[in-house]
Amino acid sequence: MDEAVVWLTIFILSVFVGIEVISKVSSTLHTPLMSGANAIHGVILLGAIIVTGSTDNNLALAVGLVAIVLAAINMVGGFLVTDRMLQMFVRKKPAKQPAGEAGK
Amino acid sequence: MTIPVWAQLVYLAAAVCFILALKGLSGPKTARNGNLIGAVAAVVACALPFFYADLDHVPLILAAVAVGTAVGVYGARTVQMTQMPQMVALFNGVGGGAAALVALLELNEVVSTSADPGWFHLVATAFTIVVGSVSFAGSIITFAKLQDLMTSRPVIFPGLRFVFPIALAAAVVLCARLVIDSTMLIGIVLALLGLLIGVLLVLPVGGADVPIVISLLNAFTGLSVAAGGYVLSNTLLLVAGTLVGASGTFLTLLMASAMGRSVSNIMFGALKGGSTLGSGVASDRPVKSANAEDIAILLAYAERVIIVPGYGLAVAQAQHTLRELVDVLGERGIEVDYAIHPVAGRMPGHMNVLLAEAQVPYEQLKEMDDINGDFKNADVCLVVGANDVVNPAAKTTPGAPIYGMPILNADEAKQVIFMKRSMRPGFAGIENELLFEPTTTLFFGDAKESLGKLLNAVKAL
Chain A
1 MDEAVVWLTI FILSVFVGIE VISKVSSTLH TPLMSGANAI HGVILLGAII
51 VTGSTDNNLA LAVGLVAIVL AAINMVGGFL VTDRMLQMFV RKKPAKQPAG
101 EAGK
Chain B
105 MTIPVWAQLV YLAAAVCFIL ALKGLSGPKT ARNGNLIGAV AAVVACALPF
155 FYADLDHVPL ILAAVAVGTA VGVYGARTVQ MTQMPQMVAL FNGVGGGAAA
205 LVALLELNEV VSTSADPGWF HLVATAFTIV VGSVSFAGSI ITFAKLQDLM
255 TSRPVIFPGL RFVFPIALAA AVVLCARLVI DSTMLIGIVL ALLGLLIGVL
305 LVLPVGGADV PIVISLLNAF TGLSVAAGGY VLSNTLLLVA GTLVGASGTF
355 LTLLMASAMG RSVSNIMFGA LKGGSTLGSG VASDRPVKSA NAEDIAILLA
405 YAERVIIVPG YGLAVAQAQH TLRELVDVLG ERGIEVDYAI HPVAGRMPGH
455 MNVLLAEAQV PYEQLKEMDD INGDFKNADV CLVVGANDVV NPAAKTTPGA
505 PIYGMPILNA DEAKQVIFMK RSMRPGFAGI ENELLFEPTT TLFFGDAKES
555 LGKLLNAVKA L
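Just so you know, the protein sequences line up as chains A and B, in that order. Following the numbering used here, the numbering of the first sequence begins with 1 at its first residue and continues without gaps. Following the numbering used here, the numbering of the second sequence begins with 105 at its first residue and continues without gaps.
Bound-form chain A, shown alone:
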């Protein structure tokens, strides 16, 4: 099989998987899901590391390092902020919380 066709196959299948896998999401989870997906495309960090590591030109090196910083912000910040949001969804015990503790 031609190599380009292999790439196309992977692409098309990924499109279907991407849609199928989130098709049942409830609206309460839209924000965390968006944020989590946002973090996943932060793996462009991987690409940034590879191109930066194989350059021998100072300007390109500088640009590559900027790309690495940006991608790392995307990836690390994205996963952490999603986790912070999701902590809020942990089910509380039905017993009443004592009032006043949080109302400062």
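Since no wrong hints were added, every one of them can be taken at face value.
Listed next, the stretches of chain A that the computed footprint assigns to chain B, with coverage defined by at least 3 CB atoms under 8 angstroms from CB atoms of chain B:
id, stretch
1, 12-18
2, 23-29
3, 39-52
4, 62-75
5, 80-89
When the alpha-carbon atoms are kept at most 27 angstroms apart in a straight line, the in silico BS3-like pairs for lysine-lysine are as follows:
id, chain 1, residue 1, chain 2, residue 2
6, B, Lys392, B, Lys563
7, A, Lys24, B, Lys127
8, B, Lys518, B, Lys470
9, A, Lys24, B, Lys470
Calculated from the structure, these hints are not laboratory results. Ideal placement from N, C-alpha and C gives every residue a C-beta, glycine not left out.
Once you have looked at the hints, place chain B on chain A.
Just chain B, lined up with the frame of chain A:
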């Protein structure tokens, strides 16, 4: 550079983990684990090149990773829950910027070695540069809109409807030019064009629709990462980017339908006829207002109360005071529920996050479809800092920017109490007829202060 088989297998495993992560994130019980799986896979994948590739500049690369990590951790830790939407926009934007820079570097590699990588490779490179830049610039504008650094109203200037298609056409032409004659100059101009398109794309979008745009730009970044994966011959980037691009596009459509809007209407509605513009002026028609004691009596002698929280509640950080008030009402035997509109707050699901943070029991949060039939049985509907999601214009006024958006039927309650800072219209910039209904009572002031007064007044009864 060829990737050894073992490393390719690890990439495959990471790709599977990303699929599982998205799957997990779409269910409330599995969401946190899903996110964790995604994070572990991403870290492992990024560490991989250090083991199989012969990388130069490793200390500098590690330093850059450390800087980015520190900034990301700081941002994610310190951001307030109310500012979450703009934080996600910012993280998304820098990811798009990174993808564009990676593609520019790869183009530089092609130009300097004067190898012919084939036309499709160059088209994918151009695509990554343009779409990554669009995502970067667009996200910065959405950030500025949500952070109130600029007006959240649609920004339109004469000629915008011509400039935008011209910029798009120029990008396509230059992309074709890059295939015939690859130079760095064309790559850089493509990046600048991408930035321009990103700005033009987001400027005309009204504040209420910005979350949809964030989601769309998120999908854009995904697609540009996918194209970047093809350029770098890296299957993991291709799969991860495509997954995000596809699920992000689908999520955008879901969100738009939750707001009763079409995506093309949101993106280009202002260009066509300015229909996303509201009147935006505060009217001086008479309204009924009352003080805390009167409203406390209304609440304390009701049997059923429904609370409609909105972004104003979050801005005032009043969710804790509200929960105290609800607890006191509950002790008096009053049945209280929160009616959560799917787009309450500034993003779908945002309000659930904020109320969960204030330790409101999950069971009291009712989704729109579950509670809408209940409003007619409610003695009092307390609207705290919400506006557009209870605006009957969505049902009655064709041509209103929010027309067709499903709303909470607050107008069916026997009494409506509207807590507002002022008579200013809501985020969508249109007047709310509900304010002028005879059953509506207004209670002016900062949500936290007002709720505090209300709490004391109810306790004193």
